[in-house]
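Colleague: Single-letter residue listing:
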Amino acid sequence: MRSVLTAFIVCLFALAAGAAELHPPAQVTAGNSITIATSGSGDATFYLIGQSVASKRHVQAGTEIAVDSEQLERAGIYTAILCASDGCASANFVVTPAAPNRLSFLVHPSRVPVDSPNRISAVAFVQDNFHNFVLKSEAVKFSVLPKDGKEISATRNSENGVAWVRLSSAKKEGPTRLGAEIGHANEIRVVQQVAADACNLRIKASRAKKDFLVETDPVKDCSGNSVPDGTVVSFTKVDEAGKATVDVPIKRGVAKVELPVDGRAKITVASGVVTGNELEVAGGQ
Amino acid sequence: MMRKILTAEFAEKTRRPRRMGLRYSSILALLAALACVVLVRELRVLAKENAPRVQLHADNLGPRSIEDLTSKSIPRDYALAWQTMEQALEENRPGLLDGYFTGIAKQDLTQRVHSQIKSGLHTRYQDGGHKLEAIFYSPAGDVMELRDRAKLDIEIMDGGKVIYQEPVSIEYTVTMTPGADRWLVRELQASGGVKP
Numbered sequence: 010m011r012s013v014l015t016a017f018i019v020c021l022f023a024l025a026a027g028a029a030e031l032h033p034p035a036q037v038t039a040g041n042s043i044t045i046a047t048s049g050s051g052d053a054t055f056y057l058i059g060q061s062v063a064s065k066r067h068v069q070a071g072t073e074i075a076v077d078s079e080q081l082e083r084a085g086i087y088t089a090i091l092c093a094s095d096g097c098a099s100a101n102f103v104v105t106p107a108a109p110n111r112l113s114f115l116v117h118p119s120r121v122p123v124d125s126p127n128r129i130s131a132v133a134f135v136q137d138n139f140h141n142f143v144l145k146s147e148a149v150k151f152s153v154l155p156k157d158g159k160e161i162s163a164t165r166n167s168e169n170g171v172a173w174v175r176l177s178s179a180k181k182e183g184p185t186r187l188g189a190e191i192g193h194a195n196e197i198r199v200v201q202q203v204a205a206d207a208c209n210l211r212i213k214a215s216r217a218k219k220d221f222l223v224e225t226d227p228v229k230d231c232s233g234n235s236v237p238d239g240t241v242v243s244f245t246k247v248d249e250a251g252k253a254t255v256d257v258p259i260k261r262g263v264a265k266v267e268l269p270v271d272g273r274a275k276i277t278v279a280s281g282v283v284t285g286n287e288l289e290v291a292g293g294q
Numbered sequence: 003m004m005r006k007i008l009t010a011e012f013a014e015k016t017r018r019p020r021r022m023g024l025r026y027s028s029i030l031a032l033l034a035a036l037a038c039v040v041l042v043r044e045l046r047v048l049a050k051e052n053a054p055r056v057q058l059h060a061d062n063l064g065p066r067s068i069e070d071l072t073s074k075s076i077p078r079d080y081a082l083a084w085q086t087m088e089q090a091l092e093e094n095r096p097g098l099l100d101g102y103f104t105g106i107a108k109q110d111l112t113q114r115v116h117s118q119i120k121s122g123l124h125t126r127y128q129d130g131g132h133k134l135e136a137i138f139y140s141p142a143g144d145v146m147e148l149r150d151r152a153k154l155d156i157e158i159m160d161g162g163k164v165i166y167q168e169p170v171s172i173e174y175t176v177t178m179t180p181g182a183d184r185w186l187v188r189e190l191q192a193s194g195g196v197k198p
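Sequences listed follow chains V and W, in order.
The opening position of the first sequence corresponds to residue 10 in the working numbering, with each subsequent residue numbered one higher.
The opening position of the second sequence corresponds to residue 3 in the working numbering, with each subsequent residue numbered one higher.
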């Protein structure tokens, strides 16, 4: 019943639209001005409805109506309506994206441990100058620009306006620049590569007055990069008094702590899931 | 005999208010039932208007696979985005767009509402539902691209006069990004449209 009613209303509109007609181009590239031919005569009102526009102005039916490029920057479906004394006529037309010349470039994460395979993702959304998605396939050049290394690049074709790659981090810590390029657009993002988990964690103990001073060797990852200051190292002591754990942040590359010991004691060290060597000491010796 | 007549009259007098009471209560019950029917119908209409029907298909989604929670949030939040957009364009209230839109989509729609206000226009939608297909979910889970095939009856009004009315099927390319407690529409670009 509803569709019949709708069809009836549409027919009424079509009949009413018989006198004045609009002839916009079927397809327009974003950011271009157009003229719309009209038929009929007398005073009329012209409306242009689009994604970001809803304008109204008085025109003469039967003349060509100019539409500014500024009104046609956003891609999508536009409706042109001409209302004269004898009714309203309308026509739809499509504004398609212009040439790709802009990228919305997302890189994650901003900090990544060294030597992590496929840990970095780079996603580029292909757009024209007016932020419209360019949906047809376009080649996007991704590049990695290490601090003191040679540029590595790869090209990916966009699908539905998106191109993306997965990248592995280098073995050496430090910032690296990732780029994506299309047309005149060249977007750069910086990813900080930081040391991975500690590797070969070792401690040594020495006497300090009544207590023992337990200290790590310089804490490094498996690629030889210094683990950043602030990373927590846990020292655990088991002696006659029981078990005690002390968490200490790395300072200037090492972690150290003074531990009181009753009788014989075992001291172990760990950082995250990595464990180090074990020491046996005796208090009072 | 006289006594019998008196008793009958008395009985008749006592029955009459009872009958009247019964009559009124049955009318009241009938009215209440009628009101219930109308209310239920209105509520159904309201529910229909409040939440456009959105069906999400994520079978061909990649490179990241969709999480259970996300597969529920996306159609819910997209439906609410359309609901607020339709209301904003009908009532010319740009503030309604704050809830479910961000970035260029919000900028475009806000501009549209402001130019509607300037021109004295408003747009009314009859939402026939959305078939939403998720086509790209970034590896970091921070953006999703979708394709929406929407069926709409669009009515544009200048003041109280209808200047355009048409049922349309429009294909939109949509990007959504996660916000604090919901997914937000960042891009809504009509990429194709056909008359049904």
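Errors might be hidden in some of the hints.
Stated by the list, open to error - Restricting the straight-line Cα-Cα distance to at most 25 Å, the calculated cross-link-like pairs of lysine-lysine (PhoX-like) are:
(1) W:LYS108 with V:LYS65
(2) V:LYS159 with V:LYS180
(3) V:LYS65 with W:LYS120
(4) W:LYS133 with V:LYS145
(5) W:LYS163 with V:LYS65
(6) V:LYS180 with V:LYS65
Claimed, not checked - Simulated DEER-style distance windows between Cβ atoms:
(7) V:ALA250 with W:PRO180: 45 to 53 Å
(8) V:ARG66 with W:ALA34: 51 to 59 Å
(9) V:SER215 with W:SER73: 52 to 60 Å
Simulated from the structure, these hints should not be mistaken for lab results.
Glycine residues also receive a C-beta, built at the ideal position from the N, C-alpha and C atoms.
Colleague: Each of the hints needs a verdict: does it hold here or not?
Modeller: For each hint, the structure was consulted:
1. W:LYS108 with V:LYS65: Measuring from Cα to Cα gives roughly 22 Å; hence the hint holds.
2. V:LYS159 with V:LYS180: holds, 14 Å
3. V:LYS65 with W:LYS120: Holds, at about 9 Å.
4. W:LYS133 with V:LYS145: holds, 22 Å
5. W:LYS163 with V:LYS65: Holds - the C-alpha atoms of V:LYS65 and W:LYS163 are around 14 Å apart, at most 25 Å.
6. V:LYS180 with V:LYS65: This hinted pair is violated, its Cα atoms lying about 62 Å apart.
7. V:ALA250 with W:PRO180: 45 to 53 Å: Hint holds: Cβ distance 50 Å, inside 45 to 53 Å.
8. V:ARG66 with W:ALA34: 51 to 59 Å: Hint holds: Cβ distance 54 Å, inside 51 to 59 Å.
9. V:SER215 with W:SER73: 52 to 60 Å: At roughly 59 Å between Cβ atoms, W:SER73 and V:SER215 fall inside 52 to 60 Å, so the hint holds.
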